[in-house]
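Asker: One-letter residues, chain by chain:
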Amino acid sequence: MKRPPMLMHVKIRGEGRGFGLWLPLFLVLPLALALFIILSPLILIAILVFWPSGWRKRGLHIFGAAFEVFNSMRGLKVDVQSGHHCIYISAV
Amino acid sequence: MAENKKKVLEMLAQNKISTDEAYRLLSALESEGGAAEDTSKAGTAAKMKSKYLRVCIVPGSEHEHGGKADRVNVRVPMTLIRSGMKFTSLLPPEARDKVTGALHEKGIDFDMRNLKPEDMDEFLEALSDLEVDVVSSDGEAIKVFVE
Numbered sequence: 001m002k003r004p005p006m007l008m009h010v011k012i013r014g015e016g017r018g019f020g021l022w023l024p025l026f027l028v029l030p031l032a033l034a035l036f037i038i039l040s041p042l043i044l045i046a047i048l049v050f051w052p053s054g055w056r057k058r059g060l061h062i063f064g065a066a067f068e069v070f071n072s073m074r075g076l077k078v079d080v081q082s083g084h085h086c087i088y089i090s091a092v
Numbered sequence: 001m002a003e004n005k006k007k008v009l010e011m012l013a014q015n016k017i018s019t020d021e022a023y024r025l026l027s028a029l030e031s032e033g034g035a036a037e038d039t040s041k042a043g044t045a046a047k048m049k050s051k052y053l054r055v056c057i058v059p060g061s062e063h064e065h066g067g068k069a070d071r072v073n074v075r076v077p078m079t080l081i082r083s084g085m086k087f088t089s090l091l092p093p094e095a096r097d098k099v100t101g102a103l104h105e106k107g108i109d110f111d112m113r114n115l116k117p118e119d120m121d122e123f124l125e126a127l128s129d130l131e132v133d134v135v136s137s138d139g140e141a142i143k144v145f146v147e
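Protein chains in written order, with this note's numbering: chain A, 1 to 92; chain B, 1 to 147.
Treat the hints loosely; a few may be bogus.
To be verified - Okay, derived cross-link-like pairs now, DSSO-like style, lysine-lysine, Cα gap no bigger than 27 angstroms in a straight line:
{"hint": "1", "chain 1": "B", "residue 1": "K86", "chain 2": "A", "residue 2": "K57"}
{"hint": "2", "chain 1": "B", "residue 1": "K51", "chain 2": "A", "residue 2": "K11"}
{"hint": "3", "chain 1": "A", "residue 1": "K2", "chain 2": "B", "residue 2": "K116"}
{"hint": "4", "chain 1": "A", "residue 1": "K77", "chain 2": "B", "residue 2": "K86"}
{"hint": "5", "chain 1": "B", "residue 1": "K116", "chain 2": "A", "residue 2": "K57"}
{"hint": "6", "chain 1": "A", "residue 1": "K77", "chain 2": "B", "residue 2": "K51"}
{"hint": "7", "chain 1": "A", "residue 1": "K57", "chain 2": "B", "residue 2": "K51"}
{"hint": "8", "chain 1": "A", "residue 1": "K77", "chain 2": "B", "residue 2": "K143"}
{"hint": "9", "chain 1": "B", "residue 1": "K143", "chain 2": "A", "residue 2": "K11"}
{"hint": "10", "chain 1": "A", "residue 1": "K2", "chain 2": "B", "residue 2": "K6"}
Said to hold, decoys possible - Restraint ranges, calculated between C-beta atoms of paired labels, are given here:
{"hint": "11", "chain 1": "A", "residue 1": "P41", "chain 2": "B", "residue 2": "K116", "range": "32 to 40 angstroms"}
{"hint": "12", "chain 1": "A", "residue 1": "A66", "chain 2": "B", "residue 2": "K6", "range": "49 to 57 angstroms"}
{"hint": "13", "chain 1": "A", "residue 1": "A46", "chain 2": "B", "residue 2": "G139", "range": "52 to 60 angstroms"}
{"hint": "14", "chain 1": "A", "residue 1": "F19", "chain 2": "B", "residue 2": "I108", "range": "40 to 48 angstroms"}
{"hint": "15", "chain 1": "A", "residue 1": "G14", "chain 2": "B", "residue 2": "E118", "range": "12 to 20 angstroms"}
{"hint": "16", "chain 1": "A", "residue 1": "L7", "chain 2": "B", "residue 2": "E147", "range": "18 to 26 angstroms"}
{"hint": "17", "chain 1": "B", "residue 1": "V132", "chain 2": "A", "residue 2": "P41", "range": "50 to 58 angstroms"}
{"hint": "18", "chain 1": "B", "residue 1": "N73", "chain 2": "A", "residue 2": "F19", "range": "14 to 22 angstroms"}
{"hint": "19", "chain 1": "A", "residue 1": "A66", "chain 2": "B", "residue 2": "D121", "range": "17 to 25 angstroms"}
{"hint": "20", "chain 1": "A", "residue 1": "A66", "chain 2": "B", "residue 2": "K106", "range": "28 to 36 angstroms"}
{"hint": "21", "chain 1": "B", "residue 1": "F87", "chain 2": "A", "residue 2": "L48", "range": "56 to 64 angstroms"}
{"hint": "22", "chain 1": "A", "residue 1": "L7", "chain 2": "B", "residue 2": "D97", "range": "37 to 45 angstroms"}
{"hint": "23", "chain 1": "A", "residue 1": "R58", "chain 2": "B", "residue 2": "G60", "range": "46 to 54 angstroms"}
{"hint": "24", "chain 1": "B", "residue 1": "D129", "chain 2": "A", "residue 2": "F50", "range": "39 to 47 angstroms"}
Stated by the list, open to error - Partner residues are not named here, just some residues of chain A that face chain B (Cβ under 8 angstroms, in silico):
{"hint": "25", "residue": "I62"}
{"hint": "26", "residue": "S72"}
{"hint": "27", "residue": "M73"}
{"hint": "28", "residue": "K77"}
{"hint": "29", "residue": "V78"}
{"hint": "30", "residue": "Q81"}
{"hint": "31", "residue": "S82"}
Keep in mind the hints are simulated off the structure, nothing from the lab.
Quick reminder that beta carbons are idealized off the backbone N, C-alpha and C, glycines included.
With the hints as extra help, turn the sequences into a complete structure.
Answerer: See below:
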């Protein structure tokens, strides 16, 4: 079982100024679940509308794949420096 | 392995060896088979242990002193690559045809419709042996490897 990332550290530095953020990713899943429950009537309507076109199955697969990608992000690190510019993204 | 066991049993049937000797020979054959299996399992496990794809660009010493050198250090989990590749199966058929057509125009004969999950697993397993190490004349080093 893959453990989802808990935090994401984003650091962007430009010419003389920059900022860093710690994003609490552990809050994303409960928020997404709450949003899913709130929007469930709309999702149900969308499923019924797209039923004949075949997009219903694809839409559900996209949700599943996006969830899997999110869960696999732990350990991702991107650190790019170019001159005085710097972008750093890390999921822990 | 099965043939060797058969030979031992045949020798026992022909009274060329005793039951004790046959037992010892069969035990030895089984332990040999187990050892070979363990070795292959260890190899597969080592490949499966590859967790990250690393891309590093380290500037040469000439650029280093200026402090304006480009530097890249990327670590992508293999599980993320595996999950991301699943998105290819979600592409609409029209988009897949367009991608295949564009690749064909560039001289790459690759059909995305033939890409199966088993192929992806094989590709990722093969990726664990990948190692690219390029050093330019000014000392800039580019490394792509799996760890």
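Asker: All hints are to be evaluated individually against the structure, with a verdict given for each.
Answerer: Evaluation of the provided hints:
no.	hint	in the structure
1	B/K86 x A/K57	holds (15 angstroms)
2	B/K51 x A/K11	holds (24 angstroms)
3	A/K2 x B/K116	holds (23 angstroms)
4	A/K77 x B/K86	holds (21 angstroms)
5	B/K116 x A/K57	holds (19 angstroms)
6	A/K77 x B/K51	holds (13 angstroms)
7	A/K57 x B/K51	violated (31 angstroms)
8	A/K77 x B/K143	holds (16 angstroms)
9	B/K143 x A/K11	holds (24 angstroms)
10	A/K2 x B/K6	violated (46 angstroms)
11	A/P41 x B/K116: 32 to 40 angstroms	holds (37 angstroms)
12	A/A66 x B/K6: 49 to 57 angstroms	holds (55 angstroms)
13	A/A46 x B/G139: 52 to 60 angstroms	holds (56 angstroms)
14	A/F19 x B/I108: 40 to 48 angstroms	holds (41 angstroms)
15	A/G14 x B/E118: 12 to 20 angstroms	violated (46 angstroms)
16	A/L7 x B/E147: 18 to 26 angstroms	holds (22 angstroms)
17	B/V132 x A/P41: 50 to 58 angstroms	holds (51 angstroms)
18	B/N73 x A/F19: 14 to 22 angstroms	holds (20 angstroms)
19	A/A66 x B/D121: 17 to 25 angstroms	holds (21 angstroms)
20	A/A66 x B/K106: 28 to 36 angstroms	holds (29 angstroms)
21	B/F87 x A/L48: 56 to 64 angstroms	violated (25 angstroms)
22	A/L7 x B/D97: 37 to 45 angstroms	holds (41 angstroms)
23	A/R58 x B/G60: 46 to 54 angstroms	holds (48 angstroms)
24	B/D129 x A/F50: 39 to 47 angstroms	holds (43 angstroms)
25	I62	holds (6 angstroms)
26	S72	holds (4 angstroms)
27	M73	holds (6 angstroms)
28	K77	holds (4 angstroms)
29	V78	holds (5 angstroms)
30	Q81	holds (4 angstroms)
31	S82	holds (5 angstroms)
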